[in-house]
Structures are given as structure tokens and as C-alpha cells.
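Student: Sequence:
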Amino acid sequence: MSVVAPFVSSGTAGAIGSPPSTTIGARLRFATTNGDILAITKVSGTSRNLIAFGGSFSKVITPDGVSRDAKNFAVVDEFTGELVYGGNANNYVRAITSLNGTVYVGGDFTSFGGVARSRAAALNASFAVTGWNPQPGSRVRALTVANGNVVYGGDSSVVRATNPTTGAAVWSQPVSGGSVRALGTAPNGTLYIGGLFESYASLTRHGLIKANPANGAPDTAFNAKLRADSGVGSHGSYDGQAGNVINFNADGSRLLLGVAGYGSDEFKTLNPTTGSLYWGLVLPGDCQGVGVVGSTYVLGYHRHDNNPWPYFGAQVEASNGRLTTWDPGLTGYQSNADGGNQGVQAVYADAANRRLFVAGAFTKPVKSLAVYTW
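Numbering-wise, the working numbering comes out as the position in the sequence shown, counting from 1, plus 20.
Derived by calculation from the structure, the hints in this document are not laboratory data.
Check each hint, because a few of them may be wrong.
[As the list claims (entries may be wrong)] Lysine-lysine pairs mimicking DSSO-like chemistry, simulated, CA-CA at most 30 Å apart: (1) K79 - K384; (2) K62 - K387; (3) K62 - K384; (4) K387 - K79; (5) K62 - K79.
Note that the structure is a prediction, hence the values are computed from the model and not measured.
Kindly produce the complete structure, drawing on both the sequences and the hints.
Tutor: See the structure below:
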């Protein structure tokens with residue numbers, strides 16, 4: 021049985037919700053930035069615990085209060101927040117993934133670390149730019165590793181899997197009707213693709229696709245039945261339900277989907293095999309981040325100026341979507357290179373080290389990055 025339940029708020033922080041089954045601790049002292057963050061993740065395949073993040077900033081402010089150069093991309097120590105690498109991308113970084121210690125970055129840039137790279141680049145364990153050079157034709161909004169390859173999507177007309185060393189195409193599938201906003205690889209290796217598109221490969225399907233990671237072919241039996249764009253009026257090209265964030269619970273039994281679109285501010289838990297809905301929530305704004313925190317989910321979103329819900333994040337029970345009393349208290353607006361959505365723009369939860377990273381375009385009580393334990 022599916023349930024769609026809205027958030028209802030008096031506008032007072034902590035006024036609603038029940039005690040959580042997993043308790044999130046107080047915010048930690050950690051690195052912040054002087055601009056917004058759109059992507060954050062852990063670097064896999066290294067002996068160190070490293071967190072990489074990207075967006076539109078020029079400085080990382082370390083926990084000692086020192087402002088350090090880092091242009092649109094940075095890597096910090098997961099426990100101390102100390103800067104390990106200050107990047108130098110000449111434009112917005114929007115997507116990050118990693119494989120065996122190599123970090124893959126996508127966005128709007130045309131150079132990275134002083135090397136010409138059109139919208140996609142890779143860094144080795146020493147943070148030198150590698151030979152991976154797929155040269156996407158348009159802005160890259162999403163990256164993932166699937167079947168040993170690096171897959172990207174964005175504003176171009178394809179989703180493409182590339183060789184992780186050279187960037188040569190392994191397979192490509194066409195998309196039409198809108199951009200790709202999210203890519204996710206399930207624990208069993210299955211690839212999921214989300215966005216504003218109306219068709220993928222030969223399949224007419226709005227917003228969310230399940231695909232074979234070996235060749236990108238769509239699974240026609242999977243159908244989340246997301247509402248398509250109406251095509252009517254000033255918002256008709258984006259008033260459908262777009263797959264904006266893709267994540268999974270630890271065993272892969274739930275597909276966690278952040279939904280965006282004009283009037284489509286939602287979070288859904290789906291059956292990853294069929295796409296059927298278990299339960300969903302209506303949020304104050306586009307769902308822009310999802311993290312699994314113990315037996316709960318942390319959701320990040322933006323809100324409109326006239327929305328009474330005060331802050332940009334919430335914790336809900338994984339079993340039924342019940343809102344908890346946890347309130348990060350994140351608010352405030354800053355200049356944002358990504359169209360002004362504001363709020364929480366990315367969430368990463370490290371289950372092994374029990375650390376929660378909430379990033380975005382907020383300004384209070386800290387700017388752009390808030391870190392917690394559970």
C-alpha cells in the first residue's frame with residue numbers, strides 16, 4: 021500500500037515530528053566554503069578517509085579558521101576537515117564519483133588543474149589530471165561507476181559509459197525531451213538514470229529508467245510511472261516528476277528517489293525491480309539530496325520564499341516516512357550558480373564511519389557544509 025504524506029509545519033523549528041529511531045548528534049566543527057556546493061561524496065579505493073566536494077567557490081575555510089585556495093573543487097580529510105587538495109576548475113563542478121582511488125569530476129568547466137578538459141576530468145591518487153578525456157559536448161550533471169566503467173549524463177542528448185582510463189566510449193544511449201540529472205548504481209550493479217527526459221533509447225518513459233550497465237539497454241518492465249511534463253504554459257517543459265537524486269538503502273531493497281519539477285517536490289521509496297511505490301512524501305521544494313542514516317533517511321531540499329517550512333533538511337523514518345524531530349536549522353541564501361534553487365543541494369552519509377555531510381547554498385549556522393555524526 022502506498023502513502024503520500026505532506027509535511028505540515030507551523031513554521032516553528034522542532035514544532036513537529038517524533039523522536040528518531042537513529043539519533044543524529046550535534047553539528048561538528050568542519051571545513052566550509054565561501055560559495056555553494058552541489059556535489060559531495062567519499063573517495064573510494066584509498067587508504068585515507070577523504071571527502072571530495074565541488075560547486076562554485078574559491079576558498080575552503082578549514083576548522084582552524086584559515087581560508088585556503090580551492091577553486092570549485094576540494095578534497096578534505098573526513099575526520100579533521102583539513103584540506104588535502106585544493107582544486108582549480110575554471111567553472112562549476114556539478115558531479116563527482118570515484119573508482120580505485122581515481123576521482124572523476126563533471127560540470128561546466130573547460131580546464132581542470134591547468135589542463136584542458138571539456139566538462140569532465142579525472143584525478144589520480146596524487147591529484148594529477150589523468151588521460152581520461154571523454155570530452156562531453158554539453159554540461160555534465162551526473163556521474164556514476166557501473167560495470168567497471170564511468171557513466172556520465174547531463175544536458176547532451178546521450179548517456180554514455182566510458183573506459184575509466186582513456187574515456188573512450190563503451191556504449192551510448194540517446195535521451196530526448198530533457199536533461200539527465202541523476203545516475204545511480206544499485207548494490208547489485210544495476211544502473212538507474214533520472215532526469216527531465218521523455219524518452220531513453222527506444223523507450224518512451226519520463227523521468228526514471230532502469231538499465232543494463234553492460235550496454236545501457238533499458239529494462240522495459242521497470243516503470244515508476246512518474247508524471248510527464250504537460251507541455252502547457254510557462255512551466256510546461258518542467259512540471260512533471262523528474263528523477264533528481266538516486267540512492268539506495270544498504271541491501272538494495274529500496275530505490276530512493278528525490279523528485280523535482282514545478283509543483284513536483286517529492287521523495288519516493290520505490291521497488292527497484294518494478295518501480296512500484298512503497299511510500300512517498302511531499303516536500304517544501306525540489307528534493308536535492310538523500311542520505312541513509314541508520315534506520316532513517318535524511319532529505320535535503322530547497323524552499324520557496326513564501327513557504328512556511330523554515331529549514332532545508334529533514335529526517336524521516338525509513339519504514340514509513342514519519343517525520344522526526346531532528347532539525348538541522350539550516351537557512352539563509354547565497355549567490356548560486358545553479359539557477360537559484362538554494363537550500364541543501366547534496367547529501368552524503370558514510371555508514372561505515374557514521375558521518376553525515378549536508379551541503380548546499382545555505383548560510384546559517386554555517387556556510388555551505390554542515391557535518392554530523394550518528
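Student: Please go over all the hints and tell whether each is borne out by the structure.
Tutor: Verification of the hints:
1. Distance hint between K79 and K384 is fulfilled; the C-alpha atoms sit about 18 Å from each other, no more than 30 Å.
2. Distance restraint check for K62 and K387: the Cα-Cα separation of roughly 20 Å lies within the 30 Å cut-off, and the hinted pair is therefore satisfied.
3. Restraint check: the Cα-Cα separation between K62 and K384 comes to about 24 Å, which is no more than 30 Å; the hinted pair holds.
4. Under the criterion of a C-alpha separation no larger than 30 Å, the hint pairing K387 with K79 is consistent with the structure, at around 12 Å.
5. Between K62 and K79, the direct Cα distance comes to roughly 20 Å. Compliance with the 30 Å bound is thereby established for this hinted pair.
Checked against the numbered hints above, the structure violates none of them.
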